[in-house]
Amino acid sequence: MAAPAPPTPQPAERAHTLFLDAVRDDPDLGTPVADALRDAIEADELDADQLIELLQVTP
Amino acid sequence: MSVAIHEVRVARFRGFREPVTVRLNGRGLVLLGDNGSGKTSLVQAIQYGLTGDVPALSKRTQRVSLKRHLGHVQADGEPEVVVVLRAGGKEQEVGPLTDVDALPEPFRSYVATIRSQQFVLRRSHVLELVEAQDRDRYKALAPFLGVDGFTPVEAVCRRAAEKARRAHEAASARRDRAWRDLTQGMEASTEPEVLAWLQARAASLEVALPDSLGEAVDALASLEEDTALQHRDVVRGFLLSLRPLLDGGLDVTALATTLRQARSFDAMEAVRYEEVLDRGIRWLLEEESPHCPLCEQGIHREQVVQRARERLDAAAAAVDARRSLDQALTMRRGRLQHLTQVLKELEPRFLNGEGPLARLVDAATTWASRAKDALASDRTTLDIERLTDLDARASTLRQAVDDLLQALPSDPRGQRVSELTVVRERARAWLELGPALARARATAHRAERLHELAEQARRDAAQEVLASTADDVTSIYGAFHDHDEEELSVRVEIRDAVKGSAKLLIDFLERAGEDPRGLLSEGHLDTLGLALFFALARRARLPVLVLDDVLGTIDTAHRERVVRWLMTHVARDHQLLVTTHSRQWWEWLRHLQRVEGVQSRFRHLEVLASEGGVASLTDIPTRLEEVALAVAEGAKPEQIGRLAGSVLEAELREVRVAWRLAIEARPGERYTIGDIWPTLEKKLRKTRSSFKARADEHRARIEGLAPIRNWSTHPNDWSDLTRADSEAFAAAVKGLVDAMMCPDCQRRLVLHSSGAVLCPRHCPGGVFA
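Residue numbers (our numbering), protein chains in the order written: chain Z, 25 to 83; chain C, 7 to 775.
Certain hints may be false.
With a straight-line Cα cutoff of 25 Å, these simulated DMTMM-like cross-link-like pairs (lysine to aspartate or glutamate) come out [claimed, not checked]:
#1 C:Lys169 with Z:Glu66
#2 C:Lys96 with C:Glu86
#3 C:Lys688 with C:Glu660
#4 C:Lys698 with C:Glu655
#5 C:Lys740 with C:Asp726
#6 C:Lys350 with C:Asp395
#7 C:Lys509 with C:Glu175
#8 C:Lys509 with C:Glu137
#9 C:Lys642 with C:Glu632
#10 C:Lys169 with Z:Glu69
#11 C:Lys692 with C:Glu703
#12 C:Lys145 with Z:Glu37
#13 C:Lys698 with C:Glu660
#14 C:Lys169 with Z:Asp52
#15 C:Lys169 with Z:Asp63
#16 C:Lys740 with C:Glu709
#17 C:Lys169 with Z:Asp73
#18 C:Lys642 with C:Glu709
#19 C:Lys350 with C:Asp253
#20 C:Lys169 with C:Asp154
#21 C:Lys698 with C:Asp731
#22 C:Lys169 with Z:Asp59
#23 C:Lys145 with C:Asp513
#24 C:Lys169 with Z:Asp68
#25 C:Lys73 with C:Glu24
#26 C:Lys689 with C:Asp744
#27 C:Lys740 with C:Glu631
#28 C:Lys740 with C:Glu593
#29 C:Lys169 with Z:Asp50
#30 C:Lys740 with C:Glu687
#31 C:Lys378 with C:Asp397
#32 C:Lys169 with Z:Asp71
#33 C:Lys169 with Z:Glu77
Rather than coming from a laboratory, the hints here were simulated on the basis of the structure. Keep in mind the model is a prediction, meaning the values are calculated, not measured.
The following block holds chain Z by itself, in its conformation from the complex:
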């Protein structure tokens, strides 16, 4: 009746992983953007203006 620990990642976590991997592999975005995005998401500090700034400053 109880919930055993999920053996596979939750879909939301999976989507995060897929997203960051896709950003990393994208020729227009790349690893710097992916890393900056990951940090911002983990810090729960992502908003639209910051994201635009991030896209402007990252190579």
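Following the hints, complete the assembly by docking chain C onto the known chain Z.
Using the frame of chain Z, we list chain C on its own:
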């Protein structure tokens, strides 16, 4: 360590007006109740307590909202919901405002998992999952897919993409405007054409421009410094400042009038004259003598006073005239000093040798010098003729200024440079907007790409969930219908993640990729929706699942399979909460629980509603406790009788199923005690097992104390009951209920076809042969 819902406490919430506590003790729950009795209220309370949301209210329409419709319509105060979780020996209270991250493990993981996905399946969900259009199906599927946690990131990407796109459009519009300004009046539609236009005009000034617009603009800036444009602008400024100083010259006409007035009296003379006249007038007015005090001649008093006053007025006018003359001279001297200053400030490089400007400056300087000399005299020696001559010269000079101003714009070189300068400034503005536009374009492109990738990631994650559950959906659906899995397989394909479109397809016999709505019956579609939900819930390892009135439309033939599957595949691993308004379903669930040996995992409650909302939410043991409490507290005999009667009625309904009593069908399965009691009595009389002796004593006492009737619905019939009889009746009811239970495991005994009464689990003490 497993977590389960132990207790739910509700007050002033939806159908619950008064505080109610429902104890699940970690077991599943089957709720039976009529429409509007409060089943869904309890489901929503659990949903609200665990997630802080009731999607049926928050996601319906603008007119239905949590804020407005969460509380009971007649209750004062805020709604209260507390869900008590238990794991091992630990308890944790959770409410709508609970911060998940602040919870200790394993409660944090439990609530986080619950909040990540939809754990309540309603009838409308089943319809949306299966029968909706593809776009609506995606919306219906989304809460079950567990990708909601990614939605905030996707939303930020979407907002960023929109903002970046708007910024790019604004930058583009600014540059378009700059381009229109730049090409205004020139036949050019490309940058090289603009450059050619500039080069052609610069060439006419004998200036060669580089073959790049940016460099050409810079080159034009240096051209300007050396050309007549600056000359022209400086000279124009000089002439415009000179003009008002010459305008009107020295205004000699006004000056001469003032001068003549001032000269008509000598200043000292006038002062003395004023004193004499003043004294004379005072004397004439104060003395009454008819003779002059000086010459003793006879005088005409009025005539003398009149003449004296006229002279006095003339003297005052002369004093004013002198003051005005002094002011006029001061003003003119100031203007001349300003003019001299302006003439001096014009740089020699603009005087251009013998040109008209140089001649004008010479003449103006000479004029200013002479005028200064002429005005240096005091009023007694001021030469009006000389001043008049200077005024005429000033008029000539002003005309020369006007002529020069008129001549300046006709300078073709200056005009050309002016034109080039305007275009140069516009070209510079356009060029400067280029990098900003390029940056905005690149940012918009990257933001849009980021948003696409976010949507793609959500779609892929959701598709992975659906793909991984496709076999399970097929398997569950097969179990519901006893199909060979090879006959029918199910899959869901997300076609459009952006707009949200999910296609439900089945392969059935020889038909591949078919829309199930074209091949399956309504009932089969409902079970397909259930199969989808259960597959998704099992994949998500949701610890609690709620089926809110979703079983009612399934026909008898499939009922057993669905319920058996629920008992064997869901009830063992999930805390399953089921609501139904069908007593038939309720009884089937209980029967199959017993058959599958999972009865102890469930608690069955009947929801009874009254005018104020949920009136009671109880099972037979709880109701018996209420009866015992009423007796202990000395409640009225009428109340004790009514409570005990309702317990007996509920017990008889259970026995009807357990003993398979043949009773004439009633609409909505609403059997009353009058329907069941006679049939049970017949059965008890027929049985020759030892059970008869076990139960007969209580049956006979009940029969002797209260005749057969629907006690719970006829409260007035208890009005004649004495206290002793009411307590005896309550004891007999409890005795009969106890007699119906296995002494070992407390499960309800069943009547075997042999006539024996047995425990369904075959306990040694539960055999009454």
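How the hints compare with the structure:
Using a Cα cut-off of 25 Å, the hinted pair C:Lys169 and Z:Glu66 holds, with the two alpha carbons roughly 23 Å apart. Proximity of C:Lys96 to C:Glu86 is assessed by CA-CA distance (about 22 Å); at most 25 Å being required, the pair is judged to hold. A threshold of 25 Å between alpha carbons decides the hint, and for C:Lys688 with C:Glu660 the separation of about 17 Å falls inside it, so the pair holds. Of the pairs offered as hints, the one joining C:Lys698 and C:Glu655 holds, with about 20 Å between alpha carbons and a cut-off of 25 Å not exceeded.
Of the pairs offered as hints, the one joining C:Lys740 and C:Asp726 holds, with about 21 Å between alpha carbons and a cut-off of 25 Å not exceeded. Among the hinted pairs, C:Lys350 with C:Asp395 is consistent with the structure: their alpha-carbon atoms are about 24 Å apart, no more than 25 Å. About 36 Å separates the Cα atoms of C:Lys509 and C:Glu175, which puts this hinted pair outside 25 Å; it is violated. Pair hint C:Lys509 plus C:Glu137 holds up; C-alpha atoms about 11 Å apart against a cutoff of 25 Å.
As the CA atoms of C:Lys642 and C:Glu632 are separated by approximately 14 Å, the hinted pair is consistent with the 25 Å bound. As the CA atoms of C:Lys169 and Z:Glu69 are separated by approximately 18 Å, the hinted pair is consistent with the 25 Å bound. As the CA atoms of C:Lys692 and C:Glu703 are separated by approximately 15 Å, the hinted pair is consistent with the 25 Å bound. The hinted pair formed by C:Lys145 and Z:Glu37 meets the criterion: a straight-line CA distance of about 20 Å does not exceed 25 Å.
A hinted pair counts as satisfied when its Cα atoms are at most 25 Å apart, and C:Lys698 with C:Glu660 qualifies at roughly 18 Å. Between C:Lys169 and Z:Asp52 the CA atoms are separated by roughly 19 Å; this keeps the pair inside 25 Å, and the hint holds. With a CA separation close to 22 Å, the supplied pair C:Lys169 and Z:Asp63 stays within the 25 Å bound. The hinted pair formed by C:Lys740 and C:Glu709 meets the criterion: a straight-line CA distance of about 14 Å does not exceed 25 Å.
The hinted pair formed by C:Lys169 and Z:Asp73 meets the criterion: a straight-line CA distance of about 8 Å does not exceed 25 Å. Restraint check for C:Lys642 and C:Glu709: the C-alpha separation of about 21 Å stays at or below 25 Å, so the hint holds. Under the criterion of a C-alpha separation no larger than 25 Å, the hint pairing C:Lys350 with C:Asp253 is consistent with the structure, at around 19 Å. Between C:Lys169 and C:Asp154, the direct Cα distance comes to roughly 23 Å. Compliance with the 25 Å bound is thereby established for this hinted pair.
Among the hinted pairs, C:Lys698 with C:Asp731 is consistent with the structure: their alpha-carbon atoms are about 24 Å apart, no more than 25 Å. Distance check on the hinted pair: C:Lys169 and Z:Asp59 sit about 22 Å apart at the alpha-carbon level, within 25 Å; holds. In summary, the hint linking C:Lys145 to C:Asp513 is supported, as the alpha carbons are separated by about 24 Å, within the 25 Å threshold. For the suggested pair C:Lys169 and Z:Asp68, the alpha carbons sit about 20 Å apart, so the restraint of at most 25 Å is met.
Of the pairs offered as hints, the one joining C:Lys73 and C:Glu24 holds, with about 19 Å between alpha carbons and a cut-off of 25 Å not exceeded. Using a Cα cut-off of 25 Å, the hinted pair C:Lys689 and C:Asp744 holds, with the two alpha carbons roughly 18 Å apart. Proposed proximity of C:Lys740 and C:Glu631 is supported: the alpha carbons are some 10 Å apart, at most 25 Å. At most 25 Å may separate the alpha-carbon atoms for a hinted pair to count; C:Lys740 and C:Glu593 meet this at roughly 22 Å.
With a C-alpha separation of about 21 Å, the suggested pair C:Lys169 and Z:Asp50 falls inside the 25 Å cut-off, and the hint holds. Taking the CA atoms of C:Lys740 and C:Glu687, the gap is near 17 Å; set against the 25 Å cutoff, the hint holds. Taking the CA atoms of C:Lys378 and C:Asp397, the gap is near 12 Å; set against the 25 Å cutoff, the hint holds. As the CA atoms of C:Lys169 and Z:Asp71 are separated by approximately 11 Å, the hinted pair is consistent with the 25 Å bound.
With a C-alpha separation of about 11 Å, the suggested pair C:Lys169 and Z:Glu77 falls inside the 25 Å cut-off, and the hint holds.
Of the numbered hints stated above, the single one contradicted by the structure is hint 7.
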